[in-house]
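**Q** Protein chains in written order, with full-length UniProt numbering: chain A, 1 to 289; chain B, 1 to 289.
To be clear, the hints were calculated from the coordinates, so they are not data collected in a lab.
Values in this document were obtained by computation on a predicted structure and should not be read as measured data.
Computed list of lysine to any residue pairs in SDA-like fashion (alpha-carbon distance at most 25 Å, straight line):
#	chain 1	residue 1	chain 2	residue 2
1	B	Lys203	A	Asp68
2	B	Lys203	A	Leu92
3	A	Lys203	B	Gly125
4	B	Lys200	A	Pro126
5	B	Lys203	A	Glu56
6	B	Lys200	A	Arg261
7	B	Lys203	A	Ile262
8	A	Lys37	B	Leu92
9	A	Lys203	B	Pro67
10	A	Lys200	B	Val273
11	B	Lys104	A	Ser91
12	B	Lys104	A	Trp266
13	A	Lys200	B	Leu64
14	B	Lys200	A	Asp268
15	B	Lys200	A	Glu50
16	A	Lys104	A	Glu155
17	B	Lys200	A	Ala48
18	A	Lys203	B	Leu64
19	B	Lys38	B	Val25
20	B	Lys38	A	Gln49
21	A	Lys200	B	Arg265
22	A	Lys104	B	Asp68
23	A	Lys200	B	Pro67
24	B	Lys200	A	Gly125
25	B	Lys203	A	Pro126
26	B	Lys38	B	Gly257
27	B	Lys244	A	Arg287
28	B	Lys200	A	Leu51
29	A	Lys203	B	Pro269
30	A	Lys38	B	Leu92
Number of protein chains: 2
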Amino acid sequence: MSGAFWEADPGELLRVREGFALGDVDPAATPGTSGGKKGGIAELARAAQELRGLQEKLFAQSRLGAPDRLLVVLQAMDAAGKGGIVNHVFSLVEPYGLRLTAFKAPTAEERAHDFLWRVERRLPGPGVIGVFDRSHYEDVLIQRVRGLAPPEEIERRYGAIVDFERRFVEDGGRIVKIMLHISPEEQAERLLSRLDDPEKHWKYNAGDVEERVHWAAYMEAFGAAIARSDAPSAPWFVVPANAKWYARAAVQRIVIGELQRIDPRWPDPGFDVAAERARVEATLGLRWP
Amino acid sequence: MSGAFWEADPGELLRVREGFALGDVDPAATPGTSGGKKGGIAELARAAQELRGLQEKLFAQSRLGAPDRLLVVLQAMDAAGKGGIVNHVFSLVEPYGLRLTAFKAPTAEERAHDFLWRVERRLPGPGVIGVFDRSHYEDVLIQRVRGLAPPEEIERRYGAIVDFERRFVEDGGRIVKIMLHISPEEQAERLLSRLDDPEKHWKYNAGDVEERVHWAAYMEAFGAAIARSDAPSAPWFVVPANAKWYARAAVQRIVIGELQRIDPRWPDPGFDVAAERARVEATLGLRWP
Chain A
1 MSGAFWEADP
11 GELLRVREGF
21 ALGDVDPAAT
31 PGTSGGKKGG
41 IAELARAAQE
51 LRGLQEKLFA
61 QSRLGAPDRL
71 LVVLQAMDAA
81 GKGGIVNHVF
91 SLVEPYGLRL
101 TAFKAPTAEE
111 RAHDFLWRVE
121 RRLPGPGVIG
131 VFDRSHYEDV
141 LIQRVRGLAP
151 PEEIERRYGA
161 IVDFERRFVE
171 DGGRIVKIML
181 HISPEEQAER
191 LLSRLDDPEK
201 HWKYNAGDVE
211 ERVHWAAYME
221 AFGAAIARSD
231 APSAPWFVVP
241 ANAKWYARAA
251 VQRIVIGELQ
261 RIDPRWPDPG
271 FDVAAERARV
281 EATLGLRWP
Chain B
1 MSGAFWEADP
11 GELLRVREGF
21 ALGDVDPAAT
31 PGTSGGKKGG
41 IAELARAAQE
51 LRGLQEKLFA
61 QSRLGAPDRL
71 LVVLQAMDAA
81 GKGGIVNHVF
91 SLVEPYGLRL
101 TAFKAPTAEE
111 RAHDFLWRVE
121 RRLPGPGVIG
131 VFDRSHYEDV
141 LIQRVRGLAP
151 PEEIERRYGA
161 IVDFERRFVE
171 DGGRIVKIML
181 HISPEEQAER
191 LLSRLDDPEK
201 HWKYNAGDVE
211 ERVHWAAYME
221 AFGAAIARSD
231 APSAPWFVVP
241 ANAKWYARAA
251 VQRIVIGELQ
261 RIDPRWPDPG
271 FDVAAERARV
281 EATLGLRWP
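Put together the whole structure using the sequences plus the hints.
**A** Next up, the structure:
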């Protein structure tokens, strides 16, 4: 299906496995392909139809009661390319079948509830691909690094996350969790390029520099969160993201792989086609005005 | 901007005016262009970048506090092409800046509230284009035709809708309301083609035939709703929709026109670029692992 671009399935190569260590992943690598930037951009365009076709079937079968749905969790350091994934991978599926949520710092109302409250409300329904740009993992990442919650609360949250994700899967969902992995050097370049271009100034957030200096602590927090929440039904993928074209094509391929495992089919509504045809034809004389 | 395809602005040609009568609009017409199907498809692709660029600016400026937002209301008889408008016009804007709602028959919870309750909850926030596939107008269309609400309640709703839309506009919103106008002959063809293709069976709804026979009553209800709710700040457009390529290109052009009137600009966050650059550069020594 993936033609010449993918020599090996990134869904296999980038999947977190026993003994995983974040320090072993090179953010500049492009495993599974030697297609290069030009090939990656062409693959993204080619496979967009494949993704769209699978998603249309997923949506169609849900109209007849199939429970299947997919949640894609995107986590990353700032400027790692989450927005680019949304705009270049998921913007190509039909809007009816996409539910995107960009989680920000919790509001007062959200803080008054358990940390999973706002996330639960944004889970995709049957037939829909839900995309979380940031997620409940912020509550064990920034909150851990910045000491916004005590260690025992962070511990509790790991368990709560695992239970929460398992319930979603039992309900007919699949989850893929993706860390876009860039190097601190690459982040600096991207922040500087936002400063270089007045059309990108609105994307620059002075607070990103403050988080940046805690890089090592963030990597430790990512490593712990991944180790504690990776599960066969809710796997983590660490996607090298210094090369945007690679990260986009790899995420697209991982999502296609998950949809293929769901294997959605055009549903059969079970009506009598000939009888319905006759009903429509009986109204053919209708004219207006 | 619109090049050779549009010889006249469909935003002007299709805008409802004093003395408007739905019976005067030919659903098979293609006013404003002689570009034909091939030209229409090319125009749709060309102007997609124009729409996307405007929407990116609308979104960007909202991050710095601009209140502007746009609501597009799509109403039509079944199979008139609302879904195609969403998938071919709005699917090309960034998902972050699009909020799509497909309104179905109201749920028990929704029926327990005023008819505008569920609509209010789905209005787009600043920077976002909201698209309603069906809307509060169902409450004065099907509910009128099928006698689901008494005439005095329908009368009350016209007024409530006008007030509701005015408040949205006062809040920084713009509204365009679009009726996709097909002929009953075209609808029959489309229903039959859904029956011809097993991949489209899930889109066929036996109930559509029951609504279809009330065509004249629906047209009367549309005419009344349009006359009662058309306003300079919340205008109605009746778009001939027998030719899908025409309806899509025309709606795209109408939406672009509205965004041009908003005239969104790249915002200036007002930070000191040199100082921020120095802050980032001070962290360039950061290495991990």
